[in-house]
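Asker: Now for the letters of each chain:
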Amino acid sequence: MSYQDLHDEDEVLFRPIYQTSRTFYVVVIALAAVFLFGLGCYIHQLFYGLGATGMDEPVSWAFYIVDFVFFIGISHAGTLISAILRLSKAEWRRPITRMAEVITGIVLAIGGLHPIIDLGRPDRILHLFERGRLQSPLLWDLTSVTAYFTASTIYLYVPMIPDIALLRDRGGKLHNFYRILAWGYKGTPRQKHALERAINILMVMVIPIAVSVHTIIAWIFGMTLQPGWHSTIFGPYFVVGAIYSGIAALVIVMVTFRKIFHFEDYLKEIHFRYLGTLLLVVALLWTYFTFAEFLTTFYGHEPAEMRVFLYKFIGAYAPFFWAMVFCNFLLPIVILSNKKTKTIPGILVASIGVVIGMWLERLIIIIPTLANPRLPYPTGMYVPSITELGIAAAATSAFVLGFMGFSKLFPLISIWETKEGREHSIHEVSMRLRDYLPGQRDEAGVEASVKAEI
Amino acid sequence: MPKYGMMIDLNKCTSCQACVTACKLENNVQIVSEDDAQNGRAMFWMKMLTLEFDGDYPNIRPKALPRNCMQCDEPSCIKVCPVRATYKRPDGIVAQIYPQCIGCRYCMANCPYTVKVFNWDRQAQPVQMEKTYDPDVSVRPKGVVEKCTFCIQRLQKASEKAAVEHRKLEPGDYVPACVEVCPVDAITFGDLDDPKSEVTKASRDYRAFGLLEELGTVPKVRYLNAIE
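If you read the protein sequences in the order shown, they are chains A and B. For the first sequence, the positions run 101 to 554 when the numbering used here is used. For the second sequence, the positions run 9 to 236 when the numbering used here is used.
Calculated from the structure, these hints are not laboratory results. Idealized CB from N, CA, C, for every residue including glycine. Do not take every clue at face value.
So the derived label-pair ranges between C-beta atoms look like this [what the hints assert, rightly or not]:
(1) A/415 to B/168: 49 to 59 Å
(2) A/143 to B/41: 16 to 26 Å
(3) A/480 to B/136: 27 to 37 Å
(4) B/95 to A/505: 40 to 50 Å
(5) A/486 to B/206: 46 to 56 Å
Which chain A residues face chain B? A few, computed with CB under 10 Å, are given here [claimed, not checked]:
(6) 155
(7) 160
(8) 165
(9) 224
(10) 228
(11) 230
(12) 239
(13) 404
Bound conformation, chain A alone (with noise of 0.2 Å):
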């Protein structure tokens, strides 16, 4: 199979890389205006100090720390999602995996940033390496995430060397980036195993990892002795809830560049609707966590963790608490669990309401306990600066461009895989199937298809 012939079939998906509409200029000057905005916030808070933010003495992290954690969470919708899918051979993966990872490389990126822009003094960064204490929670955390970040930047790549090497074979202005990418990769049956080979071994490896990393930013929270943190829970909770905005993240995304980029043919309602079901599950679960957490507070009532718990259910982050209830539970189960309303708007609609639900969660995990200590301080209220608003915008705006400027470099649906579903998979998974039912059983058929997966 040469890779000259694969081009026609699947020109819409190339048509991103070779075609720039002027909207995108537009967007592209706006939110670079926003990020240069946050820059120039960063900046200030350099030269001013922590001062610059709204934190203060018993609420000493806070929206960076929630950021960061959010951020982090979000990432979960790739690396984890992709890898999960083609271990259990879904095939209607083919053209999700590659958005979700891409996903998670760029919101690790910014998120891992944020504990830096948190930091008093971010000059003695490298103090961590030098003097780093491993009984730290924080040094595990760096540790984690970097591993995250570099496992999942590779589980990116390798599986894009196929549609890098498509796009050397066409030339064009950005030929010899290609032609560096592509690892000299032609389709030859060897390299191809090999290629294989690397996909497995990488999703294998990316799943401990992912699950890591935000066990162990829950364990932050939960090494501390804080009322609201400490709690053995906190870990899979975390887990579980970095999965749920994973999902919400990834299914605005696609729905977005399904829109503007016209990938309807592609990107089928089947695909939301099985996402769709996934979010749901993830929904319940979800609670099924938050009321197992919370209920064993309420009915031990120990008076400290009741305090944070009464700010969070009637104090002064009710309004927040009972927001994320409805955008986390009410909403995604009614219009995920309804027949009528699973629909491609529906589905979209849930999902940016988990987003922001599970914003506002790291929101009240975080700052009823700081703000609640357990000795009798005057605490106030913590209003965030300007300059953390400008930070978290620019974050966003951020992971929007980065985005973008993806989707001028690399295809945003894996042009191979869409490729090998329609050429082998169709014919692999009827010998599966067959293998699976009882009755007849075609040996020479299931012999060749378990080859194949091997």
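With chain A held as given, fit chain B onto it using these hints.
Answerer: Below, chain B alone, put in the same frame as chain A:
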């Protein structure tokens, strides 16, 4: 090696806040602007903590206690510090290394007593303060965490003096500023490992208690309950 500890007698304490002021002067603790103070950024190493109000208005009696760093024997702040900017000395004092602190504020988040304060920014100090600066205590830059160190500079001075005089450190040689200034001698300070020291005797009193002792932090600053 001694193990320094402190007992604060709430029966004697009048909440006059002399210790709060003395601490602030002794350790060059930054004076923040009025706006910042209202936003909860006032910096105190020793702070008056109002626990509850007994009685009905107008005959109220506020129950307050002076709260410095508890100098825990099992400190939760040093456990989480990623760069060893806070550590426990062999004599039990939980000290800070300001040039090493990266300002992540994890120790602040994990201190159950919320004693750590952060230099949100560095502000111009009132001119009148110039004469009161303590040359033995380094001024902290912006972006680092600080807290009570049991006036460690006084220990340094006292042990140097004792070494020059070829003698061992005597019990009265070293006391923190808050102990020295207390007008009613409500604070006793000394070596907890020495069975004859005042502080050990006070700690055996039936009124003795530690703040949030149930957390297992083993505070070395403890209190004698106020009993009418």
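Asker: Residue 480 of chain A and residue 136 of chain B, beta-carbon distance inside 27 to 37 Å?
Answerer: Given about 28 Å between the Cβ atoms, the range holds.
Asker: Does residue 230 of chain A pass the interface hint, meaning its C-beta sits closer than 10 Å to a C-beta of chain B?
Answerer: It holds, given that the least Cβ distance between residue 230 of chain A and chain B is near 8 Å, below 10 Å.
Asker: Tell me if the interface restraint on residue 155 of chain A is satisfied: Cβ within less than 10 Å of some Cβ in chain B.
Answerer: holds, 7 Å
Asker: Quick one, is the residue 224 of chain A hint okay against chain B at 10 Å, beta carbons?
Answerer: Since chain B brings a Cβ to about 5 Å from residue 224 of chain A, closer than 10 Å, the hint holds.
Asker: Taking the beta carbons of residue 143 of chain A and residue 41 of chain B, is their distance inside 16 to 26 Å?
Answerer: Given a distance of about 22 Å, which is inside 16 to 26 Å, the answer is holds.
Asker: Regarding residue 486 of chain A and residue 206 of chain B, is the given constraint of 46 to 56 Å on their beta-carbon distance met?
Answerer: Roughly 54 Å apart at Cβ, these two residues keep to the hinted range, so it holds.
Asker: If you check the beta carbons of residue 95 of chain B and residue 505 of chain A, does the distance land in 40 to 50 Å?
Answerer: Between residue 95 of chain B and residue 505 of chain A, where Cβ atoms are some 45 Å apart, the hint holds.
Asker: Hey, does the residue 404 of chain A contact hint survive, CB to chain B under 10 Å?
Answerer: holds, 9 Å
Asker: Was the hint right that residue 165 of chain A lines chain B, CB cutoff 10 Å?
Answerer: Constraint on residue 165 of chain A satisfied, holds at 9 Å.
Asker: Under 10 Å is the threshold here; is the Cβ of residue 160 of chain A close enough to any Cβ of chain B for the hint to stand?
Answerer: holds, 4 Å
Asker: Does the interface hint hold: is residue 228 of chain A within less than 10 Å of chain B, judged Cβ to Cβ?
Answerer: Residue 228 of chain A check passes; min Cβ-Cβ to chain B is 6 Å, inside 10 Å.
Asker: Could you check if residue 239 of chain A really has its C-beta closer than 10 Å to a C-beta on chain B?
Answerer: holds, 5 Å
In summary, the structure agrees with every hint in the numbered list given earlier.
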